[in-house]
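Colleague: Using the sequences provided together with the hints, build the complete structure.
4 protein chains.
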Amino acid sequence: MKNSFGDSISITLFGESHGPAIGAIIDGLSPGIKVDEDFIKKQLSLRRPQGRISTPRSEQDKFSILSGVHNGYTCGTPVCITIENSDVKTKDYASLQCLPRPSHADFTAREKYHGFEFSAGGGHFSGRITASIVAAAAIIIPALNKKGIYIGTHIKRIADIFDRDFSDYSADIDYLSNNYFAVLDKSASQRMNEKIISIANEGDSIGGILETAVCGMPAGVGEPWFDTVEGKISHALFSIPAVKAVEFGAGFLFADMCGCEANDVFIVNDGKIKTKTNNNGGVLGGISSGMPIIFRCAVKPTPTISKLQKTVDMKTLEEADILAPGRHDPCIVHRARIVVDSITALTIADMLAFRYGTDWLA
Amino acid sequence: MKNSFGDSISITLFGESHGPAIGAIIDGLSPGIKVDEDFIKKQLSLRRPQGRISTPRSEQDKFSILSGVHNGYTCGTPVCITIENSDVKTKDYASLQCLPRPSHADFTAREKYHGFEFSAGGGHFSGRITASIVAAAAIIIPALNKKGIYIGTHIKRIADIFDRDFSDYSADIDYLSNNYFAVLDKSASQRMNEKIISIANEGDSIGGILETAVCGMPAGVGEPWFDTVEGKISHALFSIPAVKAVEFGAGFLFADMCGCEANDVFIVNDGKIKTKTNNNGGVLGGISSGMPIIFRCAVKPTPTISKLQKTVDMKTLEEADILAPGRHDPCIVHRARIVVDSITALTIADMLAFRYGTDWLA
Amino acid sequence: MKNSFGDSISITLFGESHGPAIGAIIDGLSPGIKVDEDFIKKQLSLRRPQGRISTPRSEQDKFSILSGVHNGYTCGTPVCITIENSDVKTKDYASLQCLPRPSHADFTAREKYHGFEFSAGGGHFSGRITASIVAAAAIIIPALNKKGIYIGTHIKRIADIFDRDFSDYSADIDYLSNNYFAVLDKSASQRMNEKIISIANEGDSIGGILETAVCGMPAGVGEPWFDTVEGKISHALFSIPAVKAVEFGAGFLFADMCGCEANDVFIVNDGKIKTKTNNNGGVLGGISSGMPIIFRCAVKPTPTISKLQKTVDMKTLEEADILAPGRHDPCIVHRARIVVDSITALTIADMLAFRYGTDWLA
Amino acid sequence: MKNSFGDSISITLFGESHGPAIGAIIDGLSPGIKVDEDFIKKQLSLRRPQGRISTPRSEQDKFSILSGVHNGYTCGTPVCITIENSDVKTKDYASLQCLPRPSHADFTAREKYHGFEFSAGGGHFSGRITASIVAAAAIIIPALNKKGIYIGTHIKRIADIFDRDFSDYSADIDYLSNNYFAVLDKSASQRMNEKIISIANEGDSIGGILETAVCGMPAGVGEPWFDTVEGKISHALFSIPAVKAVEFGAGFLFADMCGCEANDVFIVNDGKIKTKTNNNGGVLGGISSGMPIIFRCAVKPTPTISKLQKTVDMKTLEEADILAPGRHDPCIVHRARIVVDSITALTIADMLAFRYGTDWLA
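Residue numbers (the numbering used here), protein chains in the order written: chain A, 1 to 362; chain B, 1 to 362; chain C, 1 to 362; chain D, 1 to 362.
Hints are computed from structural coordinates only; laboratory data are not their basis.
Don't take every hint at face value.
Pairs involving identical chains hold if they fit within one copy or between any two copies, as the list cannot separate such chains.
Straight-line alpha carbon distances no greater than 20 Å define the calculated DMTMM-like cross-link-like pairs of lysine to aspartate or glutamate that follow [claimed, not checked]: (1) K41 x D313; (2) K310 x E261; (3) K307 x D174; (4) K274 x D313; (5) K307 x D7; (6) K272 x D165; (7) K62 x D38; (8) K276 x E84; (9) K274 x D185; (10) K41 x D7; (11) K186 x D172; (12) K62 x E84; (13) K41 x E319; (14) K276 x E318; (15) K42 x D174; (16) K186 x E319; (17) K195 x D321; (18) K62 x D160; (19) K310 x D270.
Modeller: Below, the structure is given as structure tokens:
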């Protein structure tokens, strides 16, 4: 089973960017989880393009829950959510069929599917597919919150503009959940917006770094070989096509430290064993320590840009120029953050259900 | 199944650092792979501590193949390899039972296993367990080589000392395979060794960054949601207890680029579609592109050091000092590289067997 | 992942009997399989109730393919098929909510889902769900046929009326594929129909035995521990709620034989090793032998009958009478046969894809 | 992963009949299960050949626990048990290499493994492999017992000699657990023994039917599509090479019943909802009902007999005679029963751990 993720709670995604609908199956949800359609809508709105910093493609993300929910609660059976594709302009892509866009999956899709892929708009590789992840996770997130587990992601960096660090996790996560452009420092937020618009005006694109905190995760979750907390989360994150790097806690900065700096000393706090620092990002030996799980991921610049690029005709093997038609985002970092939140929620919930059983989440 | 990895070719690890033996089951190997015991020994020797840059614990890594190999070839049935633990000094650890070593898994193991863990020497979380990964992969690596697939890892960085980049992959990988301390630039190699010894003399430890190249991987391998090449490899890598960060291609540097710099333009080379640059590290949309797969991982400083550290007694919840007894490595970066090579080989082989069938590897 | 089946080609079912739609995701299909919507319709028609031997509930089984198929061919990405529920009369079931129907899953669903199940019409346990299996398999069956693999199921027995044995597999399977009531002997067919109608008139129900042949299966498919051909097929078959017994080859009759009668002697036929008899039903040691795979399964009488039965109120724990409202089948054996064919096709295809790779089926 | 079984608690078997050792990995056991080595020995003794009704091959089944158990309790990490092969007479099989024994896996192993299989003594397909299942389950069975779950299997039938039905499950299961030849009716037991000896004297073999009861299973365990109680148990049972049929409750007899006879009417018993009859064998809609789980499986006659049989040389394709050398069992039904008990225990424990979490079994 290669296009599903999760053992106890699993998600399977389906759909192509320009097909009739996209969607997800979530299996393994406890019966009795309250499903809040308004919250699903709100979460989808955080992923939807808004303003000049995003693509003009405007999907209403009208979703239907076909199964597994009854009278406002999960039944315990597989939940199928579908989301209509309405604002599709396939002819934008007609000219592209043999010209793979640089850094996009057009070429590798052809290698894998031998030309049978439904490639318009990126097909099954489109960022559009992530809307299903957001909708699916929007059932799980309130249930995790009821258990005291909160997830928040902010834009740590766009170009050379940095957001401040998390300080009060609870307040920061609450703040982020109500802001489309998830930056904690308002001045940084404004400068990042200006930077994106300036890049958009050049017809170019830009990436950035997202940072996520998971608070309230119980200690003792995860498996040493091979289903570590880090392994499971990174496995999920790298499915987001633009994510190219993942680090936990101090991450690559560990290379600058010696052991006596890097080690997180144990202390007692409120009668519980905690660590004074959290360089390990809430995970020791692959197992959650009860400290906040902290990770960052790099989001590469949107591959589709409005500049002429070199490519190769996949049929004739002749070099060619490509000027990508279609509508695209100058930056997807701000839209990706809710996808990161969502995919993290699914992964965490799966690990908890494995540990505590199938009724635990309700 | 949480303590196994792989769908078509899978590995399950067992054993504790101070138990009678550690080992691995590898299932799904094609029948007819030639098994070279000398190569297994050589690979194990690359992981074994040597000289003043490593722990004085000296395991001979005497292994036995209990099943799945007959007359020098794999049978197609599960292969069980066991490796004896001989140089065990459990009493070193007797005093530690309730004092978790900072940044080690002692505390999280207790949270997970409720005190039933066999914790001496790190138990099932010990780096010792990785010897089984090396032995298992040593069956697969020559088979991958016969298919034209080569894997090599070098120490990219120790403290502020950097190795040169890969230049000629084929020659570089060949060079690395015959050197215990896997650094391409001899002068950097010497300075790194000196740095490690100096850190060891202080009773401290140090981490670093490893960089891996996989050459010859066919295009079209991987699945978009969720078994991407990056997702599978990172999932496996994060099982190595000291690995805290993984990046592919340009990785976190993507945050410094705009789209027109980041995009890998397609070109024709030897009648095949290639990319001019390889910022995406050989993976587009989660699928291999046929370019070398390039990734780096951060290895944190060895948690066990010879300095007094603060910790908490897990029974009494009182703060305590800990001066870790036992033997430890001032640096494990150089020993970890063959583990990274090995776990990558297992992951790659699994993805290939899924795509091309169970007989493919022979 | 508990509500999916298959490793290389997997199916996940969703939907409730009285929800808006039911459906299936099929993942792992090779790209380039021709999808024949007329064949899907035909297969669904073989499952649909017809005449006095079936329920009057009349579903048109209008299906939509939401993903994974483009220009009439599979893309290689997950295929989502949905089937509308149109002829739903939920109020028939309103009175039943606390009164579990004997031998149905009402009671066990309550135990499992704690009352959150959407139980009307049997909910997720309804035979209605099997329509999705039939639709999904209708994509795979023509692809298997192109590889020379044919599957056919006939009604071996209803009450004391027996069909003749398979004789010419090829002709028999072809005959069955074009007949709604899948019996090889026309006289037996007529007597079975009369028997069912007579049982229906009494307000009772009846079961029977189905026998299946899979021809053209290559030798060497299956795994000894634990994914045997028998284990995988039986695992799938027992999901059909009415199936309570599965036997391969001589099955329970082996208890009447001694070794020299039971053993299938090897012979050479057309230059290939075959067996003279086929008591082992095409499977030796769990691995396909190249002989036809033969199995039978028992289908219990439809639990819902028009007679007054004893039951217990699940809330009050008081005994109560139940006279099942709603529409039901006096016999589902004839409708189940295409489900058996279909679920067998999915299982076989999965095992073949695992062995020969993900491109094999196209 | 094809040679493992189980999601939350899984078993992987390894070893060949004439290799140095066989064994099992059991992963997912809760930490803190008491491991009773004497009970493991006792269970292995119930599988070991005894007297004239069994093969003269006499293995001591000396086992070692290499990992996952410390101070007499499970650690929560993977348990590896190995069992030495000591009484190996490989030269008995030297003459057989190209002559497949009828009804044995020699031929299908060759088709699957292309001649690389280690076929002596049946290799990885040998009944010998089941000793590892028995040893592994012997860790789990006492833990299930502590939870009030008891499993017992008796020989329902050998030739035309039938054992009595289960009457008092508790007493019967207790009786069976202490008897090597698991028959409830002493007179039937004696006649069965005489029958086996008489068949042995003819150089022939005989099969039979085993019947199993699982008492104390909580209601609400299992999944509708596709991990039903019946599907999981049958999947596991069919791995036992001689098992060719599995039926639950009334099984194939359902074909003789109409609905009003077959349906199990609900009643209240001791304040709990039960059924008056148990034709469904404790499973409704694939989910456990709280009634005893009852199933029967057919064990075919041992394929290896002392009579001359026809076969085909796999190299030359010429017909040949075979007089199987080596030592063999005239009947394995009595030895298989503890394997059925054991594999059932593993399956049940896996389903319970999935439902109630990873700590549940301790």
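Colleague: Run every hint past the structure and note whether it holds.
Modeller: Evaluated hints:
no. : hint        : in the structure
1   : K41 x D313  : neither (41 Å within a copy, 39 Å between copies)
2   : K310 x E261 : between (47 Å within a copy, 13 Å between copies)
3   : K307 x D174 : neither (39 Å within a copy, 41 Å between copies)
4   : K274 x D313 : between (57 Å within a copy, 12 Å between copies)
5   : K307 x D7   : neither (43 Å within a copy, 42 Å between copies)
6   : K272 x D165 : neither (25 Å within a copy, 46 Å between copies)
7   : K62 x D38   : within (12 Å within a copy, 30 Å between copies)
8   : K276 x E84  : neither (48 Å within a copy, 38 Å between copies)
9   : K274 x D185 : neither (28 Å within a copy, 42 Å between copies)
10  : K41 x D7    : neither (27 Å within a copy, 34 Å between copies)
11  : K186 x D172 : within (13 Å within a copy, 48 Å between copies)
12  : K62 x E84   : both (6 Å within a copy, 18 Å between copies)
13  : K41 x E319  : neither (44 Å within a copy, 45 Å between copies)
14  : K276 x E318 : between (60 Å within a copy, 15 Å between copies)
15  : K42 x D174  : within (14 Å within a copy, 54 Å between copies)
16  : K186 x E319 : neither (46 Å within a copy, 41 Å between copies)
17  : K195 x D321 : neither (28 Å within a copy, 50 Å between copies)
18  : K62 x D160  : neither (37 Å within a copy, 53 Å between copies)
19  : K310 x D270 : between (60 Å within a copy, 18 Å between copies)
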